[in-house]
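Those protein sequences? They're chains A and B, same order as listed. Counting along the first sequence from 1, when you hit position 170 you're at 169 in numbering that gives the first Met the number 0, and nothing is skipped either side. Counting along the second sequence from 1, when you hit position 67 you're at 66 in numbering that gives the first Met the number 0, and nothing is skipped either side.
Keep in mind that the hints are not guaranteed to be accurate.
Claimed, not checked - Calculated Cβ distances over 12 Å to all of chain A for the following chain B residues:
#	residue
1	Val128
2	Phe132
3	Leu174
Stated by the list, open to error - Computed list of lysine to aspartate or glutamate pairs in EDC-like fashion (alpha-carbon distance at most 20 Å, straight line):
#	chain 1	residue 1	chain 2	residue 2
4	B	Lys217	B	Asp227
5	A	Lys90	B	Glu168
6	A	Lys90	B	Asp41
7	B	Lys119	B	Glu154
8	A	Lys34	B	Asp41
Claimed, not checked - What follows is a set of in silico ranges between Cβ atoms, one per label pair, in the way DEER data are often shown:
#	chain 1	residue 1	chain 2	residue 2	range
9	A	Glu104	B	Phe164	25 to 31 Å
10	A	Ser188	B	Asp41	29 to 35 Å
11	B	Asn228	A	Gly55	49 to 55 Å
Calculated from the structure, these hints are not laboratory results. Glycine is no exception: its CB is placed at the ideal position from the N, C-alpha and C atoms.
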Amino acid sequence: MKGTRLILAISAVVLIFGGILISDALGFWETTGSKEPRKIESGKFKGEYDPWDIRGSYTFGNVEDAFNIDSALLAKAFGVKDDNPYDFQIKNLEAMYEDAGFPVEIGTGSVKYFTALYNGLPLEGSEGLTKQAVNILYENLKIDELLYQQLIATAIDLSGTYEKPDSEKDAGTETDEEEHDSATSVTGSTTVGQALDMGIPEEILAEYTGTTKDRSALVKDLVNTMGLSFGEVRTTLNQYIPAN
Amino acid sequence: MKNKSRWFRYSVQIFFFVLIGMFAVNHVLGETGSAPFPFLPDLSLHAICPFGGIESIISFISAGTLVPKLHTSTVVMSVIVVVMTLVFGSIFCSHICPLGTIQEWFGKIGRKIFKKRYNKFIPQKVHNVLKYFRYVSLILTIILTYNAMKLVFLEVDPYYALYHFFTDEVTIGSLVVLGVTLIGSLFVERPWCKYACPYGAALGLISKISIFKIRRDKSTCNSCTLCDNECPMNIEISKKDSIGDSLCNRCMICTEDGICSKDSLIYSAKKISSKKPSVLSDDGGLS
Numbered sequence: 000m001k002g003t004r005l006i007l008a009i010s011a012v013v014l015i016f017g018g019i020l021i022s023d024a025l026g027f028w029e030t031t032g033s034k035e036p037r038k039i040e041s042g043k044f045k046g047e048y049d050p051w052d053i054r055g056s057y058t059f060g061n062v063e064d065a066f067n068i069d070s071a072l073l074a075k076a077f078g079v080k081d082d083n084p085y086d087f088q089i090k091n092l093e094a095m096y097e098d099a100g101f102p103v104e105i106g107t108g109s110v111k112y113f114t115a116l117y118n119g120l121p122l123e124g125s126e127g128l129t130k131q132a133v134n135i136l137y138e139n140l141k142i143d144e145l146l147y148q149q150l151i152a153t154a155i156d157l158s159g160t161y162e163k164p165d166s167e168k169d170a171g172t173e174t175d176e177e178e179h180d181s182a183t184s185v186t187g188s189t190t191v192g193q194a195l196d197m198g199i200p201e202e203i204l205a206e207y208t209g210t211t212k213d214r215s216a217l218v219k220d221l222v223n224t225m226g227l228s229f230g231e232v233r234t235t236l237n238q239y240i241p242a243n
Numbered sequence: 000m001k002n003k004s005r006w007f008r009y010s011v012q013i014f015f016f017v018l019i020g021m022f023a024v025n026h027v028l029g030e031t032g033s034a035p036f037p038f039l040p041d042l043s044l045h046a047i048c049p050f051g052g053i054e055s056i057i058s059f060i061s062a063g064t065l066v067p068k069l070h071t072s073t074v075v076m077s078v079i080v081v082v083m084t085l086v087f088g089s090i091f092c093s094h095i096c097p098l099g100t101i102q103e104w105f106g107k108i109g110r111k112i113f114k115k116r117y118n119k120f121i122p123q124k125v126h127n128v129l130k131y132f133r134y135v136s137l138i139l140t141i142i143l144t145y146n147a148m149k150l151v152f153l154e155v156d157p158y159y160a161l162y163h164f165f166t167d168e169v170t171i172g173s174l175v176v177l178g179v180t181l182i183g184s185l186f187v188e189r190p191w192c193k194y195a196c197p198y199g200a201a202l203g204l205i206s207k208i209s210i211f212k213i214r215r216d217k218s219t220c221n222s223c224t225l226c227d228n229e230c231p232m233n234i235e236i237s238k239k240d241s242i243g244d245s246l247c248n249r250c251m252i253c254t255e256d257g258i259c260s261k262d263s264l265i266y267s268a269k270k271i272s273s274k275k276p277s278v279l280s281d282d283g284g285l286s
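Between the sequences and the hints, there should be enough to build the whole structure, so can you do that?
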C-alpha cells in the first residue's frame with residue numbers, strides 16, 4: 000500500500016494545482032470580487048442594484064457603472080481630489096478621514112447612503128454625510144427642503160478637498176482640478192455618439208475604442224474590449240473635450 | 000518502518016501549511032508595501048478557501064451575489080475539492096487542510112505525553128454522539144450565511160485565526176476556538192475535525208459515495224481491533240465492510256504494514272468479493 004499513499008499524495012497536489020491552472024485558462028479563476036452589487040429582490044425597486052451592497056473594495060467607477068452616478072460627482076461629494084476618481088477605492092475614505100476627528104465616520108457607509116438618496120432607492124438607516132454631498136443631493140433635486148435641513152444640520156464640512164494618502168497616489172502628477180458633469184464628460188454610460196458630440200476628435204476616440212462606427216455602442220465596453228483601463232482612458236478623453 | 004510511507008502525506012501537509020502561510024503573510028504585509036514573498040501572487044485566504052466556495056454558492060442561490068470578500072476562486076477551489084473527494088474520499092482533510100495538519104502536530108506532543116492513553120479520553124459512546132455536532136455546525140453555517148449574507152463563520156474560524164493571529168482582522172472568538180482546538184489536540188486527535196468542522200462534515204458526506212474507499216476483507220480479518228486502536232478518527236473499522244464512515248479522511252494509517260497482520264484492509268474501488276478487487280496498486284495503476 001506504499002504506492003497507494005504516494006499516489007494519494009501526488010493526486011492531492013496535482014488536482015489542486017491542475018484544477019487552478021485549468022480554471023485560470025478558462026477564465027474562472029478570479030481572486031478579486033466582481034464589483035457588482037446584488038440586486039434588490041422584491042418590492043417596487045425589484046431588479047435595481049442595491050446600494051447597501053456597495054463594498055469598500057469598490058471604486059467610484061464601480062458605483063458609476065451600477066448606479067449611473069458620475070465618479071467625478073462622487074469625488075466632489077466626498078472631497079476626493081484625484082485626477083482619476085473612477086479608480087478611487089471607496090475604502091480609502093476611512094483612511095483619509097480617520098484622523099480628522101469628525102463626529103461621524105465618512106466612509107463606505109456614507110457612499111451607500113448617498114447613492115441610495117441620489118437614486119431614490121430604499122434606505123437602510125442613515126450614515127455620515129458631508130455638506131458637499133448634501134448640497135449635491137439638494138441641487139440635483141434628489142432630496143426635498145425638509146430632508147435637506149435635517150441632513151445639512153449634521154453633515155460634515157470638509158472645507159475644501161482632501162488629497163489621497165501618499166500610499167494611494169498614482170505615479171502621475173496631479174493635474175488642475177477640472178470638473179465635468181455627466182453631460183459634458185465621458186462616463187461609464189457614455190456612447191460613442193455622445194462622446195463625439197462632446198467634441199472629442201473621432202481619430203482620438205477611435206484610437207482607444209478601435210471603432211466609432213456604432214454610435215450607440217458604449218465607449219466603456221469598446222475600451223474594455225481593447226484591453227485598456229477605462230478609468231485611465233476616460234481621463235485622457237475628457238482632456239479633449241473643448242471647454243465652453 | 001511503518002512510518003516511512005507516512006512521509007508522502009506529511010510532505011504534502013508541510014508544503015500546503017507553509018505555502019498558505021506565505022500567502023497569508025504576503026497579503027497582510029503587502030498592504031503596507033512590504034510583502035516578503037514578491038514572487039507569489041497577492042491572494043487573501045478568502046480567495047483560496049474552499050469552504051468559502053460553499054458559502055459563496057449559498058449566497059449566490061439566496062441573493063444572486065457572492066458573499067463580501069469571497070471570489071469565484073473559492074468556488075473553483077470548492078469544485079476541485081469536491082471532485083477530489085468524490086474520487087478519493089476526504090483527502091483534503093488528511094493531506095491539505097492546514098488546520099488538520101497543526102492539530103496532528105499538537106497530537107504528536109500529546110501522544111508523547113499520554114502514550115497509549117492518547118486519543119482514548121472520550122468514551123466511544125460519547126464520541127459516537129459528539130461526532131454529529133459537526134453537522135449542527137454545518138447546518139448553522141448554511142442557515143446563517145443564507146440569512147446574513149456575510150462570512151458568519153469568520154467570527155469563530157480557527158483556520159483564519161491560525162494565519163491571522165498577528166493582525167487586527169482576527170476576532171477574539173476565533174482565537175479562543177483556535178486555542179481550545181490546539182489544547183484539545185493534546186488529548187484527542189483532530190478534535191476540531193471530529194466534532195466541529197462544518198467543511199469536514201460536508202466532505203465527509205460526499206466521501207460516503209467516493210469511488211475509492213478503504214475496504215475490509217472479512218474472509219481474512221480476525222477482528223483483532225488493532226486497526227480500531229490506530230484510527231485517529233476513532234472509527235470502529237473492524238466492524239465495517241467498507242469504511243464509509245464520514246469521519247474517515249483517508250489518512251491510510253490503518254492500511255499500513257504492521258497494523259493489520261492479515262492485510263485485510265485495502266484501498267479499493269470495488270467491493271471485496273471472492274474475486275480479486277480493483278485496488279490502487281503500487282505501480283500506480285488499477286489492478
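key: Numbers of the earlier hints that this structure fails to satisfy, in rising order   = 7
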